[in-house]
Amino acid sequence: MSKDWEPSILGICCNWCAYAGADMAGVSRMQYPPNVEIIRVMCSGRIDPAFILRAFRLGADGVLVAGCHEADCHYVSGNQSARRRVEALADVLDTVGLGRDRLRLRWISANEGALFAEGIRDFVETLKKLGPSPIEAPKLAKGVTTRTQGGDVFAGGRSTRNLSRGELHEGGGSPLRESELASESDPSVNQVDFQALVAETGVLNCLECGKCTASCPVARRDETFSPRRTIEKALEGLAEDIETDRLLWSCLTCRTCEQRCPSGVSYSEFVRGARAEAKRLGQQGRTSHSGANHDLMRLQAAPKLKPNRMAAYEGLKVKEKAGKDDWLYFAGCAPYYQALYSELPVQVGNIPRDSVALLNRAGIVPVVMAAERCCGHDLLWNGDVEDFAALARVSAEAIKATGARKIVTSCPECYRTLAVDFKEHAGLDLEVKHISEVLAADAGALGLSGTGEVVTVQDACRLGRQMGVYDPPRELLAAAGAQVAEMAHTRGDALCCGVSAWVSCGQCSKSMQVARLKEAAATGASTLVTPCLKCSIHLTCASSGELPVPRQEVDVKIMDLTAYLARAAGLTVAAEEPEPAMAAASDKGDA
Amino acid sequence: MSAVAELGVEHDNYGFIKTGPFAPADTSVPGVYALGAAAGPRDIPETVARATAAAARAQALLAGERNALTVKKEYPEEKDASGEPRIGVFVCHCGSNIAGTVDVEKVKHLAENLAGVVYAETNLYTCSAEGCEKIREAIAAHDLNRVVVAACTPRTHEPLFRETCREAGLNRYLFEMANVRDQCSWVHKDREQATKKAADLVRMSVAKAGLLKPLPMYEIPVTPVALVIGGGIAGLAAAEAIAAQGFEVHLVEREKNLGGNLLKLRTTLSGENPYDRAADAVAKVGSNKLVKVHTGTTVSAVSGYVGNFQVELDAGSKKENIAAGSIVVATGGREWSPEGFLAGEDDRVMTSSELERRIADGKFEAQRVVMVQCVGSRCEERPYCSRVCCGLALKNALSIKEQEPGAEVIVLYRDLMAHGLKEDYFTLAREAGVVFLRYNPDEPPTVSKAGDALQVQVASPEVDETLEIAADLVALSVAIVPAEGSKELSEILKVPLDAAGFFSEAHIKLRPVDFASDGIFLAGVAHSPKEISENIAQAQAAGGRAASILARGVFAAEGAVAKVDEEACRGCGVCVSVCPYGAISLAAKGEALVASVNPALCKSCGTCAGACLSTAITTEHFTNEQIFAAIAAKMEVV
Ligand SMILES: Cc1cc2nc3c(=O)[nH]c(=O)nc-3n(C[C@H](O)[C@H](O)[C@H](O)COP(=O)(O)OP(=O)(O)OC[C@H]3O[C@@H](n4cnc5c(N)ncnc54)[C@H](O)[C@@H]3O)c2cc1C
Ligand code: SF4
Ligand code: SF4
Ligand code: SF4
Ligand code: SF4
Ligand code: SF4
Ligand code: SF4
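Protein chains in written order, with numbering that gives the first Met the number 0: chain D, 0 to 590; chain X, 0 to 637.
For the record, the hints were derived by calculation from the structure and aren't laboratory data. One or more hints might be untrue.
If you want a taste of the chain X side facing chain D, the calculated C-beta under 8 Å gives, among others [what the hints assert, rightly or not]:
1. G450
2. I626
3. K633
Straight line, CA to CA, 30 Å or less: simulated DSSO-like cross-link-like pairs of lysine-lysine [said to hold, decoys possible]:
4. X:K78 to D:K128
5. X:K255 to X:K421
6. D:K127 to X:K255
7. X:K78 to X:K291
8. X:K212 to X:K72
9. D:K305 to D:K316
10. X:K486 to D:K210
11. D:K556 to X:K263
12. X:K283 to X:K263
13. D:K405 to D:K432
14. D:K128 to D:K405
15. D:K323 to D:K303
16. X:K421 to X:K362
17. X:K105 to X:K188
18. D:K517 to X:K588
The beta carbon of each residue, even a glycine, is placed where N, CA and C say it ideally should be.
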């Protein structure tokens with residue numbers, strides 16, 4: 000820590016109370032350290048977790064969220080929404096290793112200038128004890144800076160890597176604007192990369208038969224969307240047209256079309272590459288959740304960050320260093336999604352625990368990493384190759400350090416990413432398997448007792464169409480005495496859960512989810528078992544909200560495969576209700 | 000005091016201006032109205048309510064002159080701001096308030112070099128007439144399409160500068176402020192640090208300014224008619240206040256007759272006859288041509304928003320639709336039916352209001368009366384104080400002592416709510432020999448029968464043993480609870496109730512007669528149990544507030560409202576459930592549900608945008624993009 004380091008704090012304050020309280024500190028000439036700059040919002044209810052994560056990801060040492068006292072909200076109840084979100088986010092910050100102490104929630108009224116001033120003094124003290132944020136600020140990529148040299152007071156910007164303008168505005172949620180395209184980029188360079196992409200992904204072999212469009216679940220719902228037409232443009236070399244096309248972000252990369260394509264065009268990989276080009280061109284793309292999830296991933300690329308995930312494995316058998324034949328268990332994002340989506344009835348927080356308990360039952364003592372990070376799948380598929388690679392490199396180092404030679408994942412996205420993309424971007428070449436494959440190899444050892452239920456299975460795109468794993472989840476469910484009823488679309492034809500990589504969720508996604516839940520309910524199954532936590536989140540999101548169809552048509556319980564098996568193996572008492580993250584945080588995150 | 004003397008208004012023994020319970024804002028001199036603590040000790044909400052009532056009374060006299068002297072301001076046409084941002088930055092010295100600590104020249108120089116900034120200057124006082132003129136000149140001379148003022152706080156000065164921009168042909172929303180005084184020069188001493196922070200703040204504001212969009216101001220015509228729900232004394236007073244300002248009123252009463260609870264009361268502490276006064280008020284409203292009375296009628300549906308409510312009235316046999324610009328809720332309350340104490344089993348046990356009627360009707364006969372206070376109030380189920388029952392007991396006790404000086408009166412109480420000037424009656428009652436005995440809330444008194452005699456048991460902290468009191472009559476001061484059907488009405492109007500089921504106001508201290516939703520007001524016991532004078536004051540205030548909306552003619556709605564990106568909307572309804580103003584609804588669009596915002600109801604809080612997971616709804620002027628730009632600017636990556 001350099002001697003003259005000063006913490007940088009972002010304040011986000013509501014207009015009526017906290018911002019007014021800060022003004023009051025001024026009117027009363029109360030002195031406090033100059034480390035904070037405030038962004039004014041009308042109500043603390045406006046505050047999206049994405050704002051806070053963006054600040055941290057750009058290197059803020061602390062974020063202060065402040066609004067009106069509990070019963071005093073100018074907008075009745077906006078501050079209660081703020082409270083729930085900030086408290087849930089505090090848990091996430093603990094999980095990723097940044098620590099909840101860097102995020103403060105304060106209720107300050109318009110006349111509490113002293114409280115504001117004291118709050119800043121105290122926060123600065125705390126942050127000085129904590130030291131600089133382990134996340135360093137990125138720097139704008141050359142050619143996209145929007146600021147000319149500012150002179151001496153701005154000297155000494157911290158820099159580690161480059162940042163594109165598109166990335167900077169990501170999560171804006173508004174439609175792409177032509178004017179935002181960086182004229183600075185050199186189209187000829189872009190063209191070369193693009194032609195290589197076209198060749199690599201087999202687009203040149205396209206017969207223009209239109210089978211892709213006919214089979215695509217998005218095209219069925221959005222007539223402006225057509226993979227075939229995009230391919231046509233690619234063949235004409237219209238790189239810019241594709242990369243500035245709003246529809247580039249509508250593809251789910253679900254690979255349904257690829258099952259039908261007679262010439263083996265890998266459309267999903269083409270889209271992945273085209274998105275990367277588009278990002279390089281300065282496109283912001285589309286993201287749901289205001290880009291919060293992507294920023295959460297990006298900030299995990301900071302090598303100095305020290306996550307701690309061991310709490311999930313308390314009382315279970317795990318190792319830190321691998322012997323020759325030991326599996327490394329890679330848990331993925333489950334712990335922080337549970338906290339981040341505390342307002343949805345998602346139940347994914349226990350996946351790591353259930354997975355390791357099942358592995359133990361199978362006689363496997365896995366290596367786990369306290370400092371495990373996100374695999375970065377969603378960055379990669381959102382076109383953000385550079386951030387993905389940075390994250391993958393950090394993870395690859397950590398994985399190598401354990402000495403493990405093979406990895407088992409409970410998440411199909413981690414599976415694909417570690418098996419395929421880590422090889423390309425981080426030079427990690429290990430055997431990777433999904434937990435269903437590992438457990439199915441010796442299902443008898445799990446001591447599963449007959450549930451006797453009728454269930455149905457979601458074939459997650461990454462697990463099924465991408466990695467070819469269809470049978471192991473079914474075998475395990477059969478071993479648990481469940482009768483697996485198949486949905487109208489199953490295995491290679493399975494309907495995707497409607498969102499991938501947190502890109503472009505919306506009307507079309509909801510329609511697919513409702514269709515999928517209807518198929519599930521129509522089988523007569525009580526439970527829809529999913530081997531993918533993302534499918535579980537997206538489908539739960541759909542079924543918990545308002546519906547365009549009568550609720551009984553989609554009435555089916557959604558459960559993660561590991562949770563289902565752990566229950567059948569007697570490893571959990573009962574499916575626990577999602578833990579309300581706010582209750583856990585209420586005494587810490589609050590004033 | 001001397002001012003009071005000069006006006007010639009009467010005052011009471013304590014020097015407070017005299018007002019009556021049925022005309023709580025009126026003094027003894029017509030045209031002079033009293034408010035606040037000048038007319039008695041009171042708390043903030045009551046003060047605000049009475050101030051509003053006094054204003055309404057004064058306005059009624061002036062209603063004929065409304066808008067006689069107003070001139071409509073003309074603005075130049077708005078210029079097209081869709082091109083590249085051309086931002087002008089104006090850095091204020093504020094005399095030495097800012098320049099004394101911040102190097103404003105340096106800030107200006109730095110601002111000049113920011114992307115999108117084409118012009119910057121410093122001003123001694125930006126908000127002076129001269130300073131504003133310089134902004135207008137610069138907008139013209141440099142073809143500015145965005146303006147940033149680095150000065151004091153937008154909370155006080157944004158309206159002025161927005162107006163300045165508009166006068167120069169810029170849309171009001173193309174303006175942004177950097178708070179370099181209240182949040183910088185006034186709170187930091189070190190010149191270099193303060194200058195750096197000021198520059199940071201300017202950079203953040205410029206970053207946001209570059210992404211600002213011109214927004215329309217919505218003008219909504221107002222239906223100049225009010226609806227008052229509930230025809231008790233509060234509803235009557237509200238209707239009268241609105242009609243006095245020259246507006247038509249629909250007064251809707253569920254029962255066959257107007258008058259409400261007052262028709263059941265016989266006296267007030269100050270010796271007036273509430274029944275007669277209520278009957279007077281009913282007659283007055285009945286003869287007022289502007290008031291249309293609908294008895295035996297309820298409100299069955301309400302849609303629309305401030306200025307334009309569509310209301311369905313249900314009179315049992317027929318339904319009728321009316322339009323209203325504003326609404327007053329005055330549905331009052333009712334006596335809680337007591338449980339225990341042999342209530343309903345022995346006819347010598349009755350409520351205090353029943354006792355009051357017996358006394359007034361000359362049917363009172365007893366040698367020893369025991370009164371039990373707080374029956375059903377201030378308990379777990381109903382934690383509030385019903386406010387009128389202590390006064391009712393005092394009134395009854397004094398009447399008994401007057402009619403039968405020999406009769407014994409024992410009041411069993413927890414605390415005596417003889418607030419304000421009621422304390423005098425408490426003193427009078429004690430002087431007349433009324434016994435006041437405190438009981439312990441954990442061990443409330445019980446009533447039993449010994450043979451045929453009524454027996455009251457009470458444990459008092461003032462005496463050691465449990466007392467057994469033989470009584471001829473037991474009067475229960477029971478709680479007041481909300482009117483039946485309040486919950487349904489709250490759902491129809493989309494306004495909140497408190498935990499006890501009374502309607503809740505927008506702000507407990509500062510907005511005592513407003514609901515959070517624009518155009519709907521509340522008065523009387525519907526809001527909380529209270530006395531006649533407070534109810535009437537609140538009703539006059541609510542009537543005045545309701546009339547002020549009608550007087551506007553058109554209603555200017557905020558332009559920075561929430562906006563839905565239909566393609567990204569999942570129709571999940573989360574935004575609908577978090578919006579505090581019921582401004583969002585889900586509508587079927589093909590096979591999907593899609594959120595849509597009513598701009599007239601939206602207050603731009605942004606709670607919907609903070610809650611929407613799929614980034615489908617945002618609030619204009621505080622979009623993700625704009626906020627992200629400011630964050631990036633703060634972190635020096637832009
Ligand atoms: C038992 C009792 C004793 C009291 N004693 C005193 C006292 O001694 N001194 C004192 O100052 N105050 C006393 N009060 C308070 C007294 O009620 C008020 O001062 C006054 O009567 C309240 O007037 P209001 O118009 O708010 O309510 P109310 O008088 O209750 O009138 C409300 C009216 O609204 C109607 N209504 C209800 N719901 C609807 C609906 N959905 N649609 C249409 N119409 C509806 C009702 O029928 C009623 O006519 C007492 C109250 C009670 C209940
Ligand atoms: S990958 Fe899926 S969403 Fe994308 S074009 Fe193919 S079928 Fe459609
Ligand atoms: S479906 Fe998934 S991506 Fe879409 S809003 Fe719900 S959780 Fe977010
Ligand atoms: S604009 Fe604000 S800062 Fe400038 S002179 Fe006026 S009050 Fe002072
Ligand atoms: S007014 Fe008196 S009797 Fe009534 S609830 Fe309050 S304290 Fe009890
Ligand atoms: S919360 Fe968002 S996705 Fe859900 S209905 Fe509202 S706008 Fe649509
Ligand atoms: S901004 Fe606030 S008032 Fe407007 S629709 Fe959203 S939640 Fe409702």
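Hints, verified against the model:
1. G450: violated, 53 Å
2. I626: This hint holds: I626 (chain X) lies near chain D, its Cβ roughly 6 Å from the closest one there, short of 8 Å.
3. K633: holds, 5 Å
4. X:K78 to D:K128: With Cα atoms ~52 Å apart, K78 (chain X) and K128 (chain D) exceed 30 Å; violated.
5. X:K255 to X:K421: Violated, at roughly 34 Å.
6. D:K127 to X:K255: Status violated; Cα separation ~72 Å.
7. X:K78 to X:K291: The hint is violated at about 48 Å.
8. X:K212 to X:K72: holds, 24 Å
9. D:K305 to D:K316: holds, 22 Å
10. X:K486 to D:K210: Since the Cα atoms of K486 (chain X) and K210 (chain D) sit roughly 57 Å apart, the hinted pair is violated (cutoff 30 Å).
11. D:K556 to X:K263: Answer violated: K556 (chain D) to K263 (chain X) is near 57 Å, above 30 Å.
12. X:K283 to X:K263: Satisfied, since the Cα-Cα distance of roughly 19 Å is no more than 30 Å.
13. D:K405 to D:K432: holds, 8 Å
14. D:K128 to D:K405: violated, 40 Å
15. D:K323 to D:K303: Given pair K323 (chain D), K303 (chain D) holds - Cα atoms ~29 Å apart, limit 30 Å.
16. X:K421 to X:K362: Measuring from Cα to Cα gives roughly 27 Å; hence the hint holds.
17. X:K105 to X:K188: Between K105 (chain X) and K188 (chain X) the Cα gap is close to 17 Å, so the pair holds against 30 Å.
18. D:K517 to X:K588: Holds. K517 (chain D) to K588 (chain X) sits at ~20 Å (cutoff 30 Å).
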